[in-house]
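Q: Here's the letter readout for the chains.
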Amino acid sequence: MGKYILKRLIYVVVVFFIVSFLMYALYNLIPTDPARAQLEPLKMSLKPHEYEQMYSDLRREMGLDDSLVIRYMRWMGLYPASGELLIQRTDDMGNPIQGARYEVLITETGIGGKKTERVLRVLTTNAEGEAVMQMRFGTYKVKEISIPEPHTLDPEPKLLKTDSIFNGMLQGYFGKSQYFKRDVVSVIKEPIKNTMFINIFATIAALGITIPLGIYCAVKKGGKFDSVVQATTILGYSIPIYIISLIFMYFFVVKWRIFPLMGTKTPGAMYATSTEELLDKLYHIALPVIVMTFASLGGMTRYVRSSMIEALSTDYIRTARAKGLREKVVIYSHAWRNALLPVITSILAWFLGIFGGSVIIENTFSLNGMGKLYWHGLNSLDFELVLAIQMFYTVVSLLGSLLIDLSYGLVDPRVRVDK
Amino acid sequence: MSRKSDKNMVENKTPKKKSTLVRWFRSNVLRKHDLPYDSASAETIETPLQIVAQNFFKKKTAIFGIVVFTLILLFVLVGPQFFRLNLGEQDSTLTNIPPGSSMMKLPKELRNNVRDIAPGRTYGVGIDNDGHLYTWGHTRISDVIDLENIPDEVQAADLEYIAAGDDHIVAIDTSGKLYVWGNTRRGQNVYTSDIMGAQKSGKNWDIVQLEAANQCSAALDKDGYLYLWGNTSNMDLKVRKAYQGQIAKISFTANEYISLLKDGNVAYTGFKGKGSPFSVIPEPLLQGKTVDIASTSKTMAGLTEDGEIHIWGKVDRNEGAIPVFESKVVKLYGGRFHYSALLEDGSVVSWGGNDFGQALVPSAAKSGNVESLYVGYFQNYAIKENGDDITWGLKGFPLGTDDLGRDMLTRIINGGRVTMLVGAIAVVISTIIGVTLGGIAGYFGGKVDLLIMRVSEVVGGLPFIPFAMILSAVIGSRINPQQRMYLIMVVLGVLSWVGTCRLVRAQFFAQREMEYVTAAKAMGFREVGIIFRHIMPNVFSLLLVSMTLDFATSMLTESTLSYLGFGIPLPTPTWGNLLNGANNSIVIQQYWWRWVFPAIIFGLCVICINLIGDALRDAMDPKATER
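Protein sequences, first through last, are from chains A and B. Each residue of the first sequence is one higher than the last, beginning at 5 in the numbering used here. Each residue of the second sequence is one higher than the last, beginning at -6 in the numbering used here.
Keep in mind that the hints were calculated from the coordinates and are not lab data. Keep in mind it's a predicted model, so treat the numbers as computed, not measured. For every residue, glycine included, the Cβ atom is placed at its ideal position computed from N, Cα and C. Heads up, some of the hints might be wrong.
To be verified - What the simulated footprint calls covered on chain A by chain B, stretch by stretch (three residues with Cβ under 8 Å from a Cβ of chain B suffice, anywhere in the stretch; the number is not a length):
id, region
1, 9 to 23
2, 355 to 367
To be verified - Heads up, simulated DSS-like pairs for lysine-lysine below, C-alpha to C-alpha not over 30 Å straight-line:
id, chain 1, residue 1, chain 2, residue 2
3, B, LYS265, B, LYS255
4, B, LYS440, A, LYS7
5, B, LYS388, B, LYS307
6, B, LYS388, A, LYS228
7, B, LYS265, A, LYS228
8, B, LYS51, A, LYS225
9, A, LYS224, B, LYS51
10, A, LYS224, B, LYS52
11, B, LYS440, A, LYS11
12, A, LYS224, B, LYS53
13, B, LYS170, B, LYS52
14, B, LYS255, A, LYS225
To be verified - Residues from chain B shown here face chain A by an in silico Cβ test under 8 Å; the list is partial:
id, residue
15, LEU203
16, VAL273
17, PRO275
18, PRO277
19, GLN280
20, GLY281
21, GLY454
22, ILE458
23, LEU542
24, ALA545
25, GLY574
26, ILE600
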């Protein structure tokens, strides 16, 4: 079992990197220029050459000129994003020299491929004889330009490398949302809670209904109740969720005025206690949860029913019955356990599906969740935000598939023996 | 022996119970005849396909599914021939009209008893010879305003003239008192001081013409004084002093008006003057020989003494295509995009924009004897000498219109075509990929299988909707709408082949151990040949089921993407983006036809496909009969 889990884990990690790279590469196809966007407000107040210089500095600062792989690795946190450039100056005796001035030079390729050197920054050493500057990771040419009297100037430029600071997704930094002008982490903190809340609620509700219903239909297969349920479930999985939402909105919101139409909280509400806040939230998400539950009834009930029928038609059930076991024991202990295996797969697959599907629900009901944010981010071309949410979806689905495999291994011994 | 004859009897009886459709299918498609036959020989004839078909057609739900789906398919494939989609189509006067066909339905009290009719935007209003007022058509302007609610004082008054605008009605009674009702929030009932004064004193207040248009109205005095009132922000509602007292007739376009003077010249009497395309009046109309004027929303027409018609303005709806008249034109009328002319011999000719048949004169009106003609917006009412009424033009929209005034029926039909096309091609793409990869994996097994299965796990593990959204957003941002449609097909196809691949692979695993494959190998067939010519036909039946169900799924996904705004972009309609923006309480409640009809037809279509798919699967699954 241990080996099996390990194998699956490695596989998941590899897939994660492949998918994340694909996503990153794909999103890089969008012709956007964050550096120019950031400088745009200053454009009128700057002279053209100043503007160009600031622009190229900013591009370097943002690392936009690096290759795709480097950018990806930096974003992921596998390649240093920045580092400290440390200049140390001592005399021959090893005593620190204070007040030595240094130029940090960079080489620029101008128009027509002409290479020019430009001073990026001038640094002065402190009492310890050190000058430190936080810069983008890389190697810089440093030249001494002046030094206090008794010492002699060292005119030979030196190549100095910065140390490396990783700052990517693996370190928990997801970038900055261009639209919200905040860290992505702080932007998605609240929505992620809402989405989880809604989805878990809907899952519990749906499972609580579908499993007993499916079992009952399988046991009473062919009966009137079964036929009615079969007909309704076809409706359930044929009608898209947004149409179901509209129908429910019509009845519950417009006609009977039971639930609010949109949002996750009453606009402008102030809460005295946190219980009050929770109740208000529950009141707002009730209808979306009902819709999600209803929409998932169709598919799930059919799954449970058909796998239960399969199990009930096996020989060991006949044996169990022949032994004279009570019908309850036959159904729940013998048949259901064996029917569980395909059901687990579909439950988890469906659980993942509703994460993707919550994009629709959240947009329809204007809930402040990941799906709504994702939609918003895509519409406003908010690069880092969308990527972060996409990674969230990917991680959820990969963890889900891992969970499917593991639960398979747990429930069915053959799986872990085979591999 | 007795048992066998029993069975024979049952076999012979069963065909009688079958419905006509099944019998037709059996005899024509399956070449099975419902003649008494020997059961033993019949069983030898039955091929697996026939058994499947038999099982399939035993299910009522399957027959229902196939019939309804075929109807919808025909509706969607043939429909666009009759309901042509015009992507640029939109009309501010036709927005959010509920389903109906009563826009030209004269009340029976008005039949043979018409004094005046004013065709309004989506309604009509008329006075009978006793001065009673009637409205018909879609009169509801908003939640609270309904033109049908005629004020009591109007009901009591003896009305002389009546005019209908976009959202208000103006009437004047024989004593010269003005009435306005309907939407009055834009100053439709705010009279200028001139009007108040004239009304009070009675000087220059002998009204001979009453007009109403987009939130404004006009009244013309017998002595040539013109009074204009209403919403001045979108209308040139001023008269140059010099012209007061000379005006014989006026006519409104969408934003301006033009006058016929008493001296037989046409003049632009408003303040906009130069710069307006209407101020360039054709020369023949300035020679004092003009007898009538009319206007559409963007053009003007003038009629000279000798029956010649001159059109000017922004002519873009065929208004300029004046037909050849068989007799002299005596009067001219204008709708929103079309003109109608009453000829000397009492016949009517219409031309111009013909979107709703408003320029298509019925033969009854062509044959003459028309005494009076009332034209406005998209409607024509002709009253014959014997009092009969003839109407042509816009009756109404069977499924209503959307927020841009587009016919929902046309959009549903054309949208269905797009949705089905996208779904079908996406399924074809996903099937091709799935069958190829699944076939290779299943046939060769080993490392190839492992690789393909890992790839399929990655693709299958991707969250579908978000991933499709990002693909559509990233690639779709730099291509045109047509290419974007292809993109959606490809995205759907490329993301949804995993199920097919797994199915085909599993089937291949089972099939490749069969004797016929060994035989084929022994005979030295190429492997590609064995895969596609020998094994594939055996997998095909299951593939058909998965394709059917995938088709439904693809349609659902496409519509979901379009609903979210990441699928087929507007204005191209699909069943998904028709519902785009329907999730607010106003649309849900007041404009219910905008979401109910697309939802019904789309839901029905998907249900039918799923019914067919389910029935097919059950028919092919030998276990199904046990269930």
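Q: Please go over all the hints and tell whether each is borne out by the structure.
A: Here is how each hint holds up against the structure:
no. : hint                 : result
1   : 9 to 23              : holds (count 4)
2   : 355 to 367           : holds (count 8)
3   : B:LYS265 to B:LYS255 : holds, 21 Å
4   : B:LYS440 to A:LYS7   : holds, 20 Å
5   : B:LYS388 to B:LYS307 : holds, 26 Å
6   : B:LYS388 to A:LYS228 : violated, 47 Å
7   : B:LYS265 to A:LYS228 : violated, 75 Å
8   : B:LYS51 to A:LYS225  : holds, 19 Å
9   : A:LYS224 to B:LYS51  : holds, 22 Å
10  : A:LYS224 to B:LYS52  : holds, 20 Å
11  : B:LYS440 to A:LYS11  : holds, 17 Å
12  : A:LYS224 to B:LYS53  : holds, 21 Å
13  : B:LYS170 to B:LYS52  : violated, 71 Å
14  : B:LYS255 to A:LYS225 : violated, 88 Å
15  : LEU203               : violated, 40 Å
16  : VAL273               : violated, 43 Å
17  : PRO275               : violated, 50 Å
18  : PRO277               : violated, 55 Å
19  : GLN280               : violated, 58 Å
20  : GLY281               : violated, 60 Å
21  : GLY454               : holds, 5 Å
22  : ILE458               : holds, 4 Å
23  : LEU542               : violated, 10 Å
24  : ALA545               : holds, 7 Å
25  : GLY574               : violated, 11 Å
26  : ILE600               : holds, 4 Å
When held up to the earlier numbered hints, the structure conflicts with 6, 7, 13, 14, 15, 16, 17, 18, 19, 20, 23, 25 and fits the remainder.
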